[in-house]
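Residue numbers (this note's numbering), protein chains in the order written: chain A, 1 to 388; chain B, 389 to 702.
You may find that some hints are simply not true.
List of simulated lysine to aspartate or glutamate pairs, DMTMM-like, C-alpha gap at most 25 angstroms [what the hints assert, rightly or not]:
1. B/Lys448 - A/Glu154
2. A/Lys78 - B/Asp585
3. B/Lys545 - A/Glu81
4. B/Lys467 - A/Asp87
5. A/Lys78 - B/Asp463
No lab work stands behind these hints: they were computed from the structure.
On a predicted model such as this, the values are computed, not experimentally measured, just so you know.
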Amino acid sequence: MGKIFIFAGRVHHVERLNAIAELLRLKGHTVTYITADNYLNIDPNTSHLIRSNVPFTHILNYLSANNSNGIASDALSKLGEIADCVDPFYLSGSVREAAECLIGFEHFLIQEKPDLVLGLHENNFWYRILAYCCSVQNIPCACFQEGLLRLRDETTQGKQSISADYSTKLLCWSDAARESYIKAGIPEEKLVVTGISHLDAYLQPYNKQQVKYNLGFDPNRLLASFLLPQISRYDGDWQFQLGTVVEWFGSNGYQLAIKFHPFENEQFVEQVSRSIYKSAKVVTTNVLDLIRASSLVMSQHSTVAIETLALGIPLVEMDLNNFGVLESLSEQGVATLIRSGEMNKLKDILEGKVGIDPVKLVQWKNQNIGPLDGHSTDRVVAELERLL
Amino acid sequence: MRTLVLFSAFSNSLLSLCYDTLDSGPTVVVDFDDEIHSKLKSFGISSIPIRVPGDSSWAKRDTEFANLAMPGSLDFNFKGTSLSAWKVLSLDRFSFWYRGRQAQLQYEAIMGLDWERGLVPLSLHHPVPWRIARERQVMAVQVEALRTRAWRDWLSKPLPFTKLFLWSQRDIDFLKNFAGEMYICEAGDFPAGVPVDKNERLEARKMLGISEFATVALVIFDSQTEWEFRSTLPEIVQAYNHVLIFPLQPHDRRNLSDLGVFGGNIRIIESMSFEAAADEVITFRYEESLIRPRRVPIRVVDLKQRWDSNLLNG
Chain A
1 MGKIFIFAGR VHHVERLNAI AELLRLKGHT VTYITADNYL NIDPNTSHLI RSNVPFTHIL
61 NYLSANNSNG IASDALSKLG EIADCVDPFY LSGSVREAAE CLIGFEHFLI QEKPDLVLGL
121 HENNFWYRIL AYCCSVQNIP CACFQEGLLR LRDETTQGKQ SISADYSTKL LCWSDAARES
181 YIKAGIPEEK LVVTGISHLD AYLQPYNKQQ VKYNLGFDPN RLLASFLLPQ ISRYDGDWQF
241 QLGTVVEWFG SNGYQLAIKF HPFENEQFVE QVSRSIYKSA KVVTTNVLDL IRASSLVMSQ
301 HSTVAIETLA LGIPLVEMDL NNFGVLESLS EQGVATLIRS GEMNKLKDIL EGKVGIDPVK
361 LVQWKNQNIG PLDGHSTDRV VAELERLL
Chain B
389 MRTLVLFSAF SNSLLSLCYD TLDSGPTVVV DFDDEIHSKL KSFGISSIPI RVPGDSSWAK
449 RDTEFANLAM PGSLDFNFKG TSLSAWKVLS LDRFSFWYRG RQAQLQYEAI MGLDWERGLV
509 PLSLHHPVPW RIARERQVMA VQVEALRTRA WRDWLSKPLP FTKLFLWSQR DIDFLKNFAG
569 EMYICEAGDF PAGVPVDKNE RLEARKMLGI SEFATVALVI FDSQTEWEFR STLPEIVQAY
629 NHVLIFPLQP HDRRNLSDLG VFGGNIRIIE SMSFEAAADE VITFRYEESL IRPRRVPIRV
689 VDLKQRWDSN LLNG
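Looking at chain A on its own, in the form it has when it is part of the complex (with noise of 0.2 angstroms):
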């Protein structure tokens, strides 16, 4: 049986890696999750997992000896023109951060002699770190798709080209997914086709009234979800598309949830929250009860849009400024798009009047999402468990 650890910095690590670790613990495996600081430690990086009682360990519990200074200072001195445009305080926090992460995984392999570790993916800042340290001290590690592949983000920053740069292998959701991979120049035997894990027990037979109710919403009544990306890289005017739909959906009495990006600030939230509480609710719940709960999930170019479509919810892309949204899905055939003048679309899709072509849509999440029957963990085990 293997020593596995799998690395959870951030809450939705967790939440997305968790049926995993349940998985290879029933099969014998000892699973143990590791944490490190998330620089501020503005969001928690260990009440969550002291909450969820797993078993989880430090990378500061590795940390010999004050020894990351001086690869904190040589890294330092060589920034160059970045320093024009990034505070110091956030340039010089950074890099500390990472030399103790360098010194702190590379303590934590040599002591704890994993068989494997897990990452949720290679883009983040710690299990990059780690992911390194693995492949010099040769353990294999493994990590899974990001999320929404953007196109975008590949031509922009080449985001896809660098997410398995040390990984042994990358498990990724569906065949198109691993085209993309392997076009940004992924190696082809680094990639395997596995599904969307975290869904499984979401694709489960539920009674949508009853998650509405545990939510906090009426179970009688049709409920609508608005899941914003991250408002900084809102297409359009996101306060004016928020406000808009705020007042539809107050003036036509469905119920209307607001979900937020975890990564917006909290004192934001809380404020917007105060501002609208009368006609909606701004939730911190898990986005994926929320789906579920939903008759229509409004959104655009996130990876909470194809969580939608996964689990069976009509999806809105809204453009309520005809600004056009990223890689719209809407272009693709699988959602409506709402632009200008068009709000009482929202009402005959609550109400199941329209929708999507079925055909369209099944041929499209079997391309883009991958397989949906509930068992994306277990092949997700097996392949690791070939790792061991």
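Given the structure of chain A, go ahead and fit chain B onto it with the hints provided.
Relative to chain A, chain B alone:
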């Protein structure tokens, strides 16, 4: 000689030197922020507001960032490794804080003004003062605590400023290998704490219902030292009759509550005014802004010296 005073941050020390500059010759005062602008106005200073548009297109911003930092100027490996710095630092760190076109336009606006000598805040919280100091004669005024790990790390090469106005000899000592001319100016933003007297101590304890003879520690919780806090708390709880915990910021309060630390002899307090009731304040990293205002003895428990506390306190 015309002097530019840049208020990229507000501080009383900078304000004081700004008045001196205004009295001594032609001066142009600028700011980047409406709040600072209003504050300056309330002190009778009319500053030029430099306001520049943000990035209009995310695709453009991402492309510019990629040119600058992927790998751009980050095309080197971490010391002793073959791990590229940009692959770790760019996407999931620096891109969050990249000021993009805005920083460039602010820089251009300042360089387009007529001035020969500059006066700026000595701060890690804006890149533009550093950039202009590399190109013109610029002096800097201390506006924040210097004896911090962030500052210590940043001091990998000489500071670009021609003169520094600092709050104390201790600050001069800290920068002695990295700066030329240094002078002490009034530390208007940073008064040292006045020791607690016996009556105040008794009064504070009375308010908390703590006996005069009990041993009391006040622990400052800042989330950055969460690991040190968790590792040390059981020992602290054993050693004292009462442990008061003060979360430094609103997010610290939330994180502390999430950690579920309460009950027994632990009490979460809302204000540092209860410091008067403590025999000792405990913190987990040396940071002058936490240390200097203290009114009772303070102990820094930097378990692995990862915050360089001994060095900073030296």
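Problem - Unsatisfied constraints (hint numbers, rising) - result: Hint 2 is the one this structure does not satisfy, whereas the remaining hints hold.
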